[in-house]
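J.: Residue-level listing of the chains:
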Amino acid sequence: MSSPLDLDTLAAPACPLPIEDDRVTLAHGAGAGASARLFEERLWPHLANPALGARHDGAILEAGGARLAFTTDTFVVRPLEFPGGDIGSLAVHGTLNDLAMCGARPLALSCALVLEEGLALSTLERVVRSLGAAARAARVPVATGDTKVVERGKGDGVYVNTAGVGWVPEGRALRPDRVAPGDAVIVSGALGAHGAAVLSVREGLAFESSIRSDSANLSPLVEEALEAVPELHCLRDPTRGGLGAALHEVARGAACEIEIDEGAVPIEESVRAACEVLGLDPLFLASEGRLVAFAPEASAASLLDALRAHPLGRGAVQIGRVASGRPRVVLRTPMGSRRLLLLPAGEPLPRIC
Amino acid sequence: MKFVDEYRDPALARALVDAILERATRPWTIMEVCGGQTHAILAHGLDALLAERVTLLHGPGCPVCVTPLETLDRALALAERGARLCSFGDMLRVPGSRGDLLGARARGGDVRVVYSPFDAVRLAAAEPDREVVFLAVGFETTAPAVAAAARWVLARDLSNFHLLVSHVRVPPALEAIAAAPGAQVEAFLAAGHVCTVMGTAEYEPIAQRHRLPVVATGFEPVDILEGVAMAVAQLEAGASRVEIQYRRAVRPEGNPAARALVDEVFEVVDRPWRGIGVVPRGGLALRGPYAALDAVTAFPALAGEAPREPAACRAGDVLRGSIRPPACPEFGRGCTPERPLGAPMVSSEGACAAYYHYRAAGGPA
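Quick mapping for you: the protein sequence lines, in order, are chains A and B.
Numbering follows the working numbering, in which position 185 of the first sequence is assigned residue number 185; successive positions increment by one, without gaps.
With the second sequence counted from 1, adding 1000 to any position gets you the working numbering.
It should be emphasised that the hints constitute simulated quantities derived from the structure, not laboratory data.
We put the CB at the ideal spot given by N, CA and C, even for glycine.
Where hints are given, some of them may not hold.
Ranges between beta-carbon positions, derived for each pair [what the hints assert, rightly or not]: (1) R1107(B) / A137(A): 40 to 46 Å; (2) R1247(B) / E208(A): 27 to 33 Å; (3) R1251(B) / P220(A): 30 to 36 Å; (4) E1127(B) / L26(A): 21 to 27 Å; (5) R252(A) / W1152(B): 23 to 29 Å; (6) E208(A) / A1125(B): 52 to 58 Å.
Here are some of the chain B residues that sit facing chain A, going by a computed Cβ distance under 8 Å [to be verified]: (7) V1004; (8) H1044; (9) L1102; (10) Y1358.
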């Protein structure tokens, strides 16, 4: 090495906004460093408050002695329908999962639709039928909603926003700052299938595959996990930005190093193959029906048993552990070397060859 | 995954490392030509495993990195003036004189990521009133697909499709590196995929003239280590032959059908490589009737002002193997993947990006 290098300056954000100073780019929506800085520097200063400051998947609010979890998410997936799901079921699962990551039992959802002029009513019907079916399956009512129409060309057919309210039972406290050195890092199954499934049908990129989105409601799985291991420290669903982004958020929130055994991270063969062909890193591909759990090492075995007993957690496995040290994510490669897992600069782009 | 996992087998890799360290009686300096190899070396920490006996220099094998600034500026201008600009994902974050293609898209330009030149052709065929330009970058590896697309377009007289061509040829660049005064390279690991198309004959004169072993090598850790082992064996024996490690893909004659297609559509020209300068016979340009597809002649008004490189960027030194990325004062400080000064920091094959993303955290465990 020709000159010494401070790894921690590398891992830290080096500039206020990426690529363009004065405009939003797609990098701001990719769930990695640029998204975080857009929030920190452009949104947070105007909106700062303690609930938002917790930086969790949802806010915890207290009312009349009860603790409520409150969350919202907007879905802009393209195409609207993909193998294993569509924007309707995804909008239900995504918000229910954000509530589940707070340890909350869902009470109700809202649904706001932004429709583009010219959208086939049959498409809308399919999407909403799927949304309704997903909500019914979860036994959660869509209790309020809104519909707007924008001119042709101003939207991608349908954008869906859902918000969710849930009740957090006594004694549950799932937060990144509870994660501590020694904790086991456990995932509930193979990662990245949702991201790969959507890419496989995207215009200009379509490839033949058997990959199906993993989109699913994680609430029942979380209930089983908390039943078996009430001392669970933190849960995350690795959606936008994938496992990599989720680990970075927790490392920062916990002020700990997270070490991952790269060879232990479960990724389905078909997803790995698609990533090889497209030049993408599966560690940054979204899952919509998987969770990452942080639990004391002593509880790891019972947590794994509880997860594996549920159909959504059959592939649960420990992928690493939390260590003391500066907040960063370290990968131990199968070759025996160690390297930092850095967040990509923006949207993952398929490479040249 | 078949054809991948067996070439990432840690035990096999370890055995190769041990064999190389035992075989080498003195330190050797070997350049891996392709950026894909550089990324594999850094991602798996192979450089650290070999450091005792083998120094790996990183070569110019990143076509995105050597695409001339002028070409990128033309692409930006085309996108800004209403053309639908298509290219491989790598090109979108590469900084031009006035920003990158992602920025052009944010300002309203129609910039598309495609995975094949035929995707761009399809877009042109679907909307005949819309001008579509494919920014064709790459080594001999991607040239046949572009040549096939050009032939398709010409045969069907599709008038709204043009090519902005920045195809480059690897052997002339290796000749320039080997011939440079003070060259440190003692052997080349040639890029396996380039040899899959072109074969290995072009490397014979380089191996003989400069007395350098050249090993056409693949991209997985075991491939690269085997390539290094073959190069070291030659160096220790005082040999300078062209050998093929990547035997599952490379034949000495290459792929004759693909070569014929490239020869039909392209001719060899001198070409400026970004950061390196003009490489004699270092590029491909559309020839004969295919020149009608050239976006540069179709849209001459795009020439514009002379492009300017950021003075602090040392991409040229990195691409020639003169320095490693961390030796650049701007590396990780004034130049990051989010705010790059040069292309090697953003391309999936760029050496600076490889160092930035895969820097070992505390060395081998």
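J.: Tell me, in ascending order, the numbers of any earlier hints that this structure violates.
T.: 3, 5 and 6
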